[in-house]
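The letter at position 58 of the sequence shown is residue 77 when you use my numbering, and the numbering goes up by one with no holes.
One or more hints might be untrue.
Below are the SDA-like pairs computed for lysine to any residue, each with C-alpha atoms no more than 20 Å apart in a straight line [as the list claims (entries may be wrong)]: (1) Lys69 to Asp131; (2) Lys122 to Ser90; (3) Lys29 to Asn42.
Beta-carbon label-pair distances, calculated as ranges [said to hold, decoys possible]: (4) Arg22 to Thr73: 36 to 46 Å; (5) Leu135 to Met75: 15 to 25 Å; (6) Gln82 to Leu56: 32 to 42 Å; (7) Glu49 to Arg26: 35 to 45 Å; (8) Glu78 to Gln109: 15 to 25 Å.
These aren't lab readings, by the way, just hints derived from the structure by calculation. Backbone N, C-alpha and C define an ideal beta-carbon position, used for all residues, glycine too.
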Amino acid sequence: MQRHRLRQQKRRQRQRKQGLSSNRCVIEGEVIESEGLRYTPAGLARVAFKLRHTSMQQEAGMQRQVQCVVSALALGEAAMQVSRLQPGQQVKAEGFLAQRSLKIAQLVLHIDNVTLR
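Working from the sequences, and respecting the hints, build out all of it.
Here you go:
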């Protein structure tokens, strides 16, 4: 386990040196599900929720409709913002992508700012 973490740290350091550290995501969508406000064992506010995104995008010179459901997680002050949202509300969410856990590679959008649309 210790060697695995050391390898991950070294890989991240190499990526930073190579300029591969950009990881920002902005998406607009509808809140479709929320676990509600909870707290971590350390006392940090936490809200996990899902956003449904639908839009028209340009790809290879053609228009295409895009639909997806994004798993998102907000901590701290962002969690307080998200906890006030209701299903059906349209929002703009900003944050970064990370895998769910060390063992689960599924992507989760970690929110640091959310605004009503």
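Evaluated hints:
Distance hint between Lys69 and Asp131 is fulfilled; the C-alpha atoms sit about 15 Å from each other, no more than 20 Å. The straight-line distance between the Cα atoms of Lys122 and Ser90 is roughly 17 Å, inside the 20 Å bound, and the hint therefore holds. Taking the CA atoms of Lys29 and Asn42, the gap is near 18 Å; set against the 20 Å cutoff, the hint holds. Range check, Arg22 to Thr73: about 44 Å between beta-carbon atoms, so the 36 to 46 Å window is met.
The hinted range of 15 to 25 Å is satisfied by Leu135 and Met75, whose Cβ atoms lie roughly 22 Å apart. Look at Gln82 against Leu56: about 39 Å separates their beta carbons, and that is inside 32 to 42 Å. Separated by about 39 Å at the C-beta atoms, Glu49 and Arg26 satisfy the suggested range of 35 to 45 Å. For Glu78 and Gln109, the hinted distance range of 15 to 25 Å is satisfied, since their beta carbons lie about 24 Å from each other.
Hint check: no violations occur; every hint is consistent with the structure.
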